[in-house]
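Novice: Sequence:
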Amino acid sequence: MILQALCKYYERKPDLPRLGFEKKHIPFVIEINSSGEFVQIVEERTIDGKKKIARGFVVPQGVKKASNIAANLLWGNAEYVLGISHDGVSDKVKQRHDAFHKKLDTIDAQTDIGLMAVKTFLKAPNWERLRSDPLWSEIHDKNPDVTFRLQGDLELVCQRPAIRASLVDAGVKEITCMISGEPDSIADANGKPEGLHWAIKGVWGAQTSGANIVSYNKDAFNSFAKIKGANAPIGKHAAFAYTTALNHLLSKESAQRIQVGDSSTVFWSELHTKFEDDFIDFFDEPPKDDPARQTRAVETLLKAPQIGAYAGEGEKTRFYVLGLAPNAARISVRFWQVGTISEMSERILEYFCSIEIERPSYEKAKYVSLNGLLSATANETKRDLKKANQVYYRGKYFDVKPNLVGEFMHAILAGLPYPQILLQAAVRRTRAEQEVSYPSASLIKAYINRSSGKEELKVSLDENNINPAYRLGRLFAVLERVQERANPNINTTIRDRYYGAASATPVTVFSTLLKMKNHHIVKLNKGEAINQEKLIGAIMNDGLDGSLGFPPSLNLPDQGRFAIGYYHQRQAFFTKSSDSTSKGE
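In my numbering, the protein residues as written are 122 to 706.
Worth flagging that the hints you see were computed from the coordinates, not collected in a lab.
Since we're looking at a predicted model, the values are computed, not measured.
Ideal placement from N, C-alpha and C gives every residue a C-beta, glycine not left out.
One or more hints might be untrue.
To be verified - Each computed DSSO-like pair below joins lysine-lysine, with the alpha-carbon atoms no more than 27 angstroms apart: (1) LYS263 - LYS215; (2) LYS145 - LYS172; (3) LYS171 - LYS395; (4) LYS655 - LYS485; (5) LYS129 - LYS485; (6) LYS517 - LYS485; (7) LYS294 - LYS224; (8) LYS185 - LYS424; (9) LYS424 - LYS503; (10) LYS424 - LYS485; (11) LYS424 - LYS409; (12) LYS134 - LYS145; (13) LYS508 - LYS173; (14) LYS347 - LYS409; (15) LYS636 - LYS655; (16) LYS173 - LYS636; (17) LYS134 - LYS263; (18) LYS134 - LYS395; (19) LYS522 - LYS507; (20) LYS244 - LYS373; (21) LYS395 - LYS409; (22) LYS171 - LYS655; (23) LYS171 - LYS487; (24) LYS487 - LYS507; (25) LYS144 - LYS373; (26) LYS171 - LYS215; (27) LYS263 - LYS244.
Claimed, not checked - Restraint ranges, calculated between C-beta atoms of paired labels, are given here: (28) ALA245 - ASP212: 37 to 45 angstroms; (29) LYS487 - GLN555: 20 to 28 angstroms; (30) ALA286 - ASP208: 44 to 52 angstroms; (31) HIS207 - ILE174: 52 to 60 angstroms; (32) ALA286 - TYR513: 30 to 38 angstroms; (33) GLN272 - ASP226: 22 to 30 angstroms; (34) LYS172 - PRO538: 41 to 49 angstroms; (35) ILE234 - ASN352: 38 to 46 angstroms; (36) HIS207 - GLU420: 23 to 31 angstroms; (37) ILE174 - ASP208: 23 to 31 angstroms; (38) VAL160 - ASN448: 43 to 51 angstroms; (39) LEU677 - HIS207: 18 to 26 angstroms; (40) ASP212 - VAL459: 17 to 25 angstroms.
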């Protein structure tokens, strides 16, 4: 199903390379004339901030190689193409250059003027002129990819019609492809009939040279004496289509990929749709210069029926989301979700409704991003490029559990209860940090409401919520507020000393906290003291303190309810203070 969907995506993208070609970023082009004489080295890079980005060219498909010597056709690094190395010309460099030279004799386009010019140039390069070119030192020292172009041509030599025609597949159609159902020759990314597929690049944490989704590398995996990929007979056309499509979706320039934890996530629809364009804004971190981008995207989703944002897209058009994670030399599928745009949009709306909670005044974004929510489940850490499970949120890095991202994303898109580990991790962090942050509150509220199947916890303070854990959280917030008002310059409050115990074993601390409150409240003016006592009385009504006593312990969901009660009450205090200030009181 995954490979079929990728093949269909490839078919609807006419700008993607056809069989036998790939898109490769090549920084330098050696320009020669029709006689094979060197003209100049052309730099094909643009400046992006402080980086130089090489231009992407459609070139003949590269050969898959590890430590073996195998040359690409008419392009490659300087060692292969020119036989040079900053370490000197070794035997291995000479072998690579010879392989590049011999590769030119394997194609059926020997009379093409461009190919003949390249072969003439390679027989006797004008080293003096090459070395005098201002770009030569960088090619010599850094061994970048290079290719050729005839003087006066717009296309590369490898893009000339005769070269392209020589690469048209004419293999024997000895199998029925299990993806297309059509007769085809078996995939041969390494030039051998072993069913080896082209490498997938761009999965964060996987090998930079690429990895595979479909592969057989042990004899124990083979059946009926079939070799490697012949055990899953996928035709050359289908293998090329799905790998090319996936590499396009995973590329740095792609607007259809997001990195969530260790999952490199790509998405697409059967046909090009507005929903496909907007999907990234639902989950990706909004840019610093436009923090409300996610909010606008969600509002578009909310108003879609009225404004016709996705009119004609929803009922039948299928939408795909694929999460990939590194697994040594292979790629594992972390999650795979399929549904119509109507189904997907409805589930995404449910997700945003579940995480919505009253936010602090300094928060401009109405919703927490996916990375923001995940940051509430992990400790802050240093950046480590080797760790694919790190999430980045507001200038900080967090190590999340590897499988958590996939389970969470799958639950969002499938409309399932969120994984319990989310609540466990978020509650642990609030207790460890003695604080309920905006992302933590959003995540805990979402988990509890999704688990209970109802709106148990509101967006803002709910004075009618009689759940004991929720009321205890509110009570703790009021007691902290009394302490703060009585001691305006206080550096640490009861939250810093007692939050963990109050949220887990209330009976051990609340009697003490109420006695401490009596010492603080006498410092307030009479009107404020009366109001705080009334609020405490209203929260503790119905036996929370006396007839039933404080609970000896709270289970994990109730610790979450305690956190939300505390967060809601604190936000209510700040909201009232802001309202009073705005009215000049």
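Novice: Would the hint linking LYS424 and LYS409 be met if the CA-CA limit is 27 angstroms?
Specialist: Holds, at roughly 25 angstroms.
Novice: Is the Cα-Cα distance between LYS487 and LYS507 27 angstroms or less?
Specialist: violated, 33 angstroms
Novice: Looking only at beta-carbon atoms, does the pair HIS207, ILE174 fall within the given range of 52 to 60 angstroms?
Specialist: Since the Cβ atoms of HIS207 and ILE174 sit about 23 angstroms apart, the hinted range of 52 to 60 angstroms is violated.
Novice: For the range 20 to 28 angstroms, tell me whether the beta carbons of LYS487 and GLN555 fit it or not.
Specialist: holds, 27 angstroms
Novice: For the range 38 to 46 angstroms, tell me whether the beta carbons of ILE234 and ASN352 fit it or not.
Specialist: holds, 45 angstroms
Novice: Would you mind confirming whether the straight-line C-alpha gap from LYS263 to LYS215 stays at or under 27 angstroms?
Specialist: holds, 17 angstroms
Novice: Please verify whether LYS424 and LYS503 have alpha carbons no more than 27 angstroms apart.
Specialist: Violated. LYS424 to LYS503 sits at ~41 angstroms, over the 27 angstroms cutoff.
Novice: Taking 27 angstroms as the top limit, are the C-alpha atoms of LYS171 and LYS215 close enough?
Specialist: violated, 35 angstroms
Novice: Sort out whether LYS173 lies within 27 angstroms of LYS508, counting only the CA atoms.
Specialist: The given pair, whose Cα atoms are some 26 angstroms apart, holds under the 27 angstroms limit.
Novice: Need the status of pair LYS424, LYS485: alpha-carbon distance at most 27 angstroms?
Specialist: holds, 21 angstroms
Novice: Has the hinted range 22 to 30 angstroms been met by the Cβ atoms of GLN272 and ASP226?
Specialist: Once the Cβ atoms are compared, 24 angstroms apart, the range 22 to 30 angstroms for ASP226 and GLN272 holds.
Novice: If you draw a straight line from the CA of LYS134 to the CA of LYS145, is it 27 angstroms or shorter?
Specialist: With a Cα-Cα distance of about 17 angstroms, the restraint between LYS134 and LYS145 holds, given a limit of 27 angstroms.
The structure fails hints 3, 4, 5, 8, 9, 14, 16, 17, 20, 22, 23, 24, 26, 28, 30, 31, 32, 36, 39, 40 (numbered hints given earlier, in ascending order).
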